[in-house]
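Undergrad: Here is how the chains run, residue by residue.
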Amino acid sequence: MSLIWLLGLVLAIAAVGYALGRTRALSSTNGDIRKLHSLPSYYGANVALKSAIPALLVLVVWLVAQPLIVSGVVSSDIPDSAIPEGSSRGLVMSEVKRVAAGLDGAVAAGTMSASYAASAQADMDDVTKRMRDAQQITPEALTPEILTAGQRFRAMVAQGKWAMTAVVLALAVAGAFWGLRESHAEFRARNTVERVTKVLLIAAASLAILTTVGIVLSLVFNTYEFFTMYPPLEFFFGTTWAPSFSGRGGSSELGIVPLLWGTFYISIVALAVAVPIGLFSAIYLSEYAGPKVRAIAKPLLEVLAGIPTIVYGLFALLTVGPLLVSIFGKDGFGWMQSGTAVMTAGIVMGIMLIPFVSSLSDDIINAVPQSLRDGSYGLGATKSETIKQVVLPAALPGIVGAILLAASRAIGETMIVVLGAGAAARLSLNPFEAMTTVTAKIVSQLTGDTDFSSPEMLVAFALGMTLFVVTLGLNIFALYIVRKYREQYE
Amino acid sequence: MTDATNNPPRHKTSLHTVDARTKRRNASEARFKMYGMTAILIGLAFLAILAVSIIRAGTPAFTRTVFDMELTLTQAEFEAAEKQLMKTKAYQAVFIDQLSAKLTEQNVQVAFDGKAIDRLLGKIGGDLRAHYRANPGDLGKPVQFTLPASSRVDGYFNGKVTRDTLVDSRFLEVSDLDLVDALHEAGIIHSAFNWTFITAADSSVDNPGGAGIGASVVGSFFMMIVVLGLSLPIGVAASIYLEEFAPKNRFTDLIEVNIANLAAVPSIVFGILGLAVFIQFMHLPNSAPLVGGLVLTLMTLPTIIISTRAALKAVPPSIRDAALGVGASKMQAVFHHVLPLAMPGILTGTIIGLAQALGETAPLLLIGMVGFVAREYPDGLAEGFLNANSAMPAQIYTWAARADSAFYDKAWGGIIILLIFLLTMNIIAILLRRRFERRW
Amino acid sequence: MYDARHTEAQVDQTETKISAKGVQVYYGDTHAIKDVDVEIADKTVTAFIGPSGCGKSTFLRCLNRMNDTIDICRVQGDILIDGEDIYDRRVDPVQLRAKVGMVFQKPNPFPKSIYDNIAYGPRIHGLAKNKADLDVIVEKSLRRGAIWNEVKDRLHAPGTGLSGGQQQRLCIARAIATEPEVLLMDEPCSALDPIATAQVEELIDELRLDYSVVIVTHSMQQAARVSQKTAFFHLGNLVEFDDTTKIFTNPEDPRTESYITGRIG
Amino acid sequence: MYDARHTEAQVDQTETKISAKGVQVYYGDTHAIKDVDVEIADKTVTAFIGPSGCGKSTFLRCLNRMNDTIDICRVQGDILIDGEDIYDRRVDPVQLRAKVGMVFQKPNPFPKSIYDNIAYGPRIHGLAKNKADLDVIVEKSLRRGAIWNEVKDRLHAPGTGLSGGQQQRLCIARAIATEPEVLLMDEPCSALDPIATAQVEELIDELRLDYSVVIVTHSMQQAARVSQKTAFFHLGNLVEFDDTTKIFTNPEDPRTESYITGRIG
Amino acid sequence: RDNVQVAGSSTVLPYASIVAEAFGENTDFPTPVVESGGSSAGLKRFCEGVGENTIDVANASRKIKDKEIKACAENGVTDIIEVRIGYDGIVFASQQNGPAYTAFTPSDMFNALAPKVVVDGALVDNPYTQWSEFNADLPAADIMAFIPGTKHGTREVFEEKVIAAGCEATGAMQAMIDGGMSHDDAEDACLAVRTDGRAVDIDGDYTETLARIEANPNGIGVFGLAFFENNQDKLKVATMDGVMPSTESIATGEYPVSRPLFFYVKKAHIGVVPGLKEYASFFVADELAGPEGPLAAYGLVSDPELAKIQAVVSDEVTMGGGM
Ligand SMILES: Nc1ncnc2c1ncn2[C@@H]1O[C@H](COP(=O)(O)OP(=O)(O)OP(=O)(O)O)[C@@H](O)[C@H]1O
Ligand SMILES: Nc1ncnc2c1ncn2[C@@H]1O[C@H](COP(=O)(O)OP(=O)(O)OP(=O)(O)O)[C@@H](O)[C@H]1O
Ligand SMILES: [Mg+2]
Ligand SMILES: [Mg+2]
Ligand SMILES: O=P([O-])([O-])[O-]
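Residue numbers (the working numbering), protein chains in the order written: chain A, 4 to 493; chain B, 406 to 845; chain C, 4 to 268; chain D, 4 to 268; chain E, 1392 to 1714.
Treat the hints as calculated values from the structure; they're not laboratory data.
Every value quoted in this text rests on a predicted model; they were computed, and no experiment measured them.
Using N, Cα and C, we set each Cβ at its ideal position, and we do this for glycine too.
Mixed in with the good hints there might be a few duds.
[As the list claims (entries may be wrong)] Here are some, though not all, of the chain D residues that point toward chain C, as calculated from beta-carbon distances under 8 Å:
#1 22
#2 108
#3 109
#4 199
#5 221
#6 223
#7 227
[As the list claims (entries may be wrong)] Taking lysine-lysine pairs in the DSSO-like style, the calculated list, with each CA pair at most 30 Å apart, reads:
#8 735/B - 37/C
#9 102/C - 132/C
#10 100/A - 132/A
#11 115/C - 295/A
Based on the provided sequences and hints, a complete structural model is requested.
TA: Listed below in structure tokens is the structure:
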């Protein structure tokens, strides 16, 4: 039975359980809903959950565990002599698996009988030929050991599958009966269902934690490795970023300071563009614009978030950079040497971030109760005064959230930085000079040509880790600010 | 209550004459409103500039120059070709021979040789071979073929290559353009709408005529299904728990900060995580949209959670009180009342999060979706999720890096398709959001 | 003019429905309810009176654990309903609130249609078998809430588009639609004209036959008219709790007397 | 007990402050106010009475154009204040509302501190030169709003954490802090105990010396106590508008009579 | 898994894509998947171990390093077949209509781009702003060079074969040693590039360099030969030491700036992953990698010793000699 079928069956049992649970609960009070503790649908849901969740959990665990177990058993049975030199047990196992699949395919195509596939031992060439006839991929030279292992593998997989089907279905049915037995008037079905729902909600929330753990884990070992090769002090306080090729005696200077500075500078410029434009757009959309303008302008602005960053990068390189040079360059103020600069990247990134601020803030501003606005208008406040002093403070947490999101995006962006701000790490106050960011360097060090166990490559992980910690600090600060100034309405 | 008289009422003023202070306030009001309008206009102007430049740069991708010719391949030629290592080259040679013969027969007044025709042709051997392998009955019979010309000929037709700027090279010589003109006159080559671009998969760097975005659209589609199917429910569920049920303590603060912080993790780091967890640990296949979708889900979750939480926070507590007061459970109050009211914010988060996910390349680099990947359409759902495929931004990114500038046009054309995809994807969310928007 | 009443009838000793002992409520550091003991009888209307800010709403919200929703609010002491401690960990606040309905001081209709506002409670409690049943419940509740005539033509218009008094009656109708055993009403007639007030009072009187009703009111007249028992709160203390007639004619505490004669506020 | 008043005093013919002619208000298709003509005199308290949902709040909100904020609301007819049409295009609603203050039916304190709630108006209108000035204004307004004693120790606590009646008085204090020429009060005492009500009525009486006050009330007694003129609304119509004493003793329209005697609602 | 999986260098990617496409069109094997992501990332995944869920082939634009071979071995990847597919020429090109940058020497590049140069026998901070200031034959145009960023292997070639050579030729290296530096330090110091904005690192692809050149008439950029040849109508190339870059001059070694390109095959996967060996031999077949093949047509400099390499593939000769 294929997986889809099994899944379908479990769900079908759950669905039937739902219907039965409902009716059973109802009939326990002779159809009087009011005597039930919970709505009939909760009794149904209780049965459905009890039959589906354990069964599906077992199914998932089984699906993960069975291949591991079967491979383990089969692979430990392969004699060492069957493993060619230079190969590995793992590779032989993949051959075994391929043979098993080939046998399956051959049986399906009719070039082998089922019993032949299960037991043929003598003639390797014949087996190979029959598999080839069925358009199966075969090992170049099939050995008896591999064939035996393949057959064993096939048999075990088949058994496992039957066992799994049986166990899962039995669990589903048992769960359904358990749920059905509970379906009587006094049973607190709603509470049970809600408890399960809450567990699901908690599981969803834990995913964020898991992701964080995963990220930290995937960074931390390589970071440690990096620090065994490169002095941490120089990394954290070095003011020069000049990686060179490890083949040449490791003369790299890997100071994070210029990169952090570039990140900070470019993000500030980007936010200086995105926050006012985004916030004012949000205010205009939610407070001034008519429904028609709003219905059109808001989704249009959101398109800005969906344009691939490479387009923004090219826009920075080809349009904004030269434009800025013509104003601030030699012919203008003389502050700018070339088109790639903090300003170029910052402005373009700011454009991309407009919808992050505008759309989210717009929703939050819109959610501020009208009575607050009325209160302010009633005192003779103008619309703008009302917005500035009543609406925005009430919407503050949401707006800060939106700005943080925009800032996060600015910190995480690469393409615009590479094309707009250049790749050179520099520590300068002049926003018309080229700089680069931590993220851009993470990407370039990770995808570069240097050898993968050199500090020049591993530094990418240390950069990632540092950035993670720095932004964590910023977020804690933001949370503190929000807590301090939040105005909770009603 | 006596001191009322100490404070004489302010001088009665006419409503029609605006006093100085009000004038100032009104001016500031007008300014404020103007800032808002300007902000929107700036945003829209940027959008317009970007849109115009995208469309201008991208339209050439939608036309191509094709050869229209009848070809007869004999059984002998077929067998000879199939014996070669580079079979496709042999097919191409047959085509060139027959075209030369035809030109001679038609008495074209331009000097040409096989090499010149080869320079004008795109890579057509693959198409020819595929055709005859699929239809052996066509051998020996004349068959009408429509095959792509080389990218330089394309450039000549859309004005990018001119006789003045062209430098003789092995790719094209100035004299070849006379041949192009002659062929054009003879009706053998002409421009046509480039369906291939919309339907085909990626092609190699020397074959711009065969390149299409279709397969990667499918890849993106499956990825977005994963992202939407996972990040929206998980994100909303997580937000509901954190905002409505979680006890307010240090630990939930930690989670809150953590989620905000996840949003700031560079997307390539999610790629590192995805490679480690999904491919190396869970043994999911390389380059699979399922893996891409999972990685992008992790990346999109913070966006959705942050916006959902903000939206949930904005729902007035009196609504919750009202529901609890009639005996609804907290769960019911949230799902029946609070969630619908928070819907606009949730949908906005989804729109923005998906837009971001759709355009992201960096994490795909690490899980193998960037490069020369999409070659076949998947048959069926399971393959769609599991077979190696590319995604639109990855495709665009690789095209943009290729040397032949014809791919540059394709990259922009791909961006147009991506934006159309994005708009289609968002339209439902946008309409839904409008339905849920209300003031209270 | 308020004649067709059962008022003078059974003030006989019915059993205790709610009994509160040593209840203390804090909002952060503010001590809002100070050691209140009270016994609320079944099938009786109990009025809470007292100056604004004395803690009436706070105490009322303790009785169905609505205070749980205010983060900074802490409740101490015992509150028993039908002899069961409602702050016990085994008690499901949801069931409690289904049993103890509430009309809030500030009308808070759902931003849904009038029909759905009323139908929500019956739906989640499974009080109606089908649509027709539900229609009947909605109409009956709106009629008892004395608002049917005004809204019968706009049942599907949003509840938030009603006038202040209409919203108040809508909330009353919503609360009785679920047929709670105890009904807590926080100034249910504050925005109502005398006629509507009379209708609501009639409703309360009628509810008393089966249920226990607690009403917060600022109108001494109203308290006198509808209640059998009256509790007088002052600065978070329960100053006096007795038969209504006793309180209004012969209060024991000087503060009560000053209040009902209009001397302290 | 409500003695120290200027009530019987000047009901003499002062000049007209507000005059409304042929006012019609629609909410979408609902015709909420039907052709109302009314003249509100300066230095007078005018009471609007009428059953719940008859359009009192709606009409009140027309007088300072608060209806502008409701999308579906359309107002027709002329409303003149000091002889100037407030719906004229030259009129700035902001200036209008500074001149015509309002207390809403549902208390709506800002989610700010109590102090900032009061100081908000004076700040935007520039009524205080400095912090000390503002402190004076805040204290005075809170005192006049009869809430100073309750909040003087928690001026920097959020206004939303007050009890219902306290919020109502806070909103009254907030409205008078800007010293409007006309004060519209929509059921300002609905959540107040008798003492607080008396204090607010005293305030109204005092305000009348300089300003024009319009008050919506459901309490006939209150209307009789504080107002010199009374308008009776019914189903969107202005049924009768006359001296308060006349209305309550000798109404012309049978509907008015039925209402004040408690027969129609 | 029934297809060959390849990952690695973005420089090799174009050639690999041509081969992969042709392999799919001309054989019955499925088209290999070729991922890009950089030599280092590709080798890293290559060395993660043997088995179905690891890649079969890693492309690299440099030779695998000893450290990497060691890391590979630790993970059980011991038998690696190294296949050199040809050479990548590195050229200096500028806008068609820009100043006449037609001939450079390493010394010119060093003088233009080093932070310290020798002027009148003394080592001083680079004072030059125009090319003509140190070489009258060069145009009087502002110095502006777009050089590969430090992530690129091309940077290494550029530093070693151009800058370091210039350093020695101009006498700067000697000046440094005379100034008290050790020989090694001086060698390192020679590779430095000025940081005042006249030498711009490009972390992106050649298309980015091209875009920068187009936006900057005075700019001179570093490109791969294939890229330049594909864009001859936009770019003009300069000679180095008087040699014009071309496939011939690079193949013979006359033109100094070039580097070999490789791919690495896991021997253990041969025979397990269908089509792997066929792919490797297809790649280096004369029809593809030969001077007349499509790879050369695209711009790869064919390996003059292609026959040897074909033998390596067909005999599955692993690195370090073993069979
Ligand atoms: N926003 C609105 N949308 C639609 N109808 C409304 C709206 N506000 C009020 N109405 C309707 O207009 C009529 C008049 O309402 P209004 O609020 O003026 O009554 P009211 O006299 O103030 O009543 P109450 O004493 O109950 O406050 C009512 O029928 C009401 O339902
Ligand atoms: N959420 C809150 N946070 C802080 N203090 C509160 C909160 N709610 C009420 N209080 C305070 O608790 C006290 C009692 O308030 P409560 O609302 O119970 O008064 P009340 O008797 O209902 O008054 P009213 O008649 O004005 O409604 C008041 O001093 C009030 O300011
Ligand atoms: Mg209260
Ligand atoms: Mg009203
Ligand atoms: O991608 P590369 O390793 O060739 O730079």
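Undergrad: Are the hints correct? Go through all of them and say.
TA: Against the structure, the hints:
Taking 8 Å as the C-beta cut-off, the interface hint given for residue 22/D is violated, the closest approach to chain C being about 25 Å. Given the 8 Å rule on beta carbons, the hint for residue 108/D holds: about 4 Å separates it from the nearest Cβ of chain C. Given hint, residue 109/D at the interface with chain C, holds; its Cβ is 6 Å from that chain's nearest Cβ, closer than 8 Å. A least Cβ separation of about 5 Å between residue 199/D and chain C falls short of the 8 Å threshold, and the interface hint therefore holds.
With a cut of 8 Å, the hint placing residue 221/D at the interface with chain C holds, because the nearest CB-to-CB distance is about 5 Å. Because the beta carbon of residue 223/D sits about 7 Å from the nearest beta carbon in chain C, less than 8 Å, this interface hint is met. Interface restraint check: residue 227/D against chain C, minimum CB-CB distance 13 Å, threshold 8 Å, status violated. Under the criterion of a C-alpha separation no larger than 30 Å, the hint pairing residue 735/B with residue 37/C is consistent with the structure, at around 29 Å.
This hinted pair checks out: residue 102/C and residue 132/C have alpha carbons roughly 20 Å apart, not beyond 30 Å. Only pairs whose Cα atoms come within 30 Å are accepted, and residue 100/A paired with residue 132/A is accepted, the gap being roughly 18 Å. Restraint check for residue 115/C and residue 295/A: satisfied, since their Cα atoms lie roughly 23 Å apart, inside the 30 Å limit.
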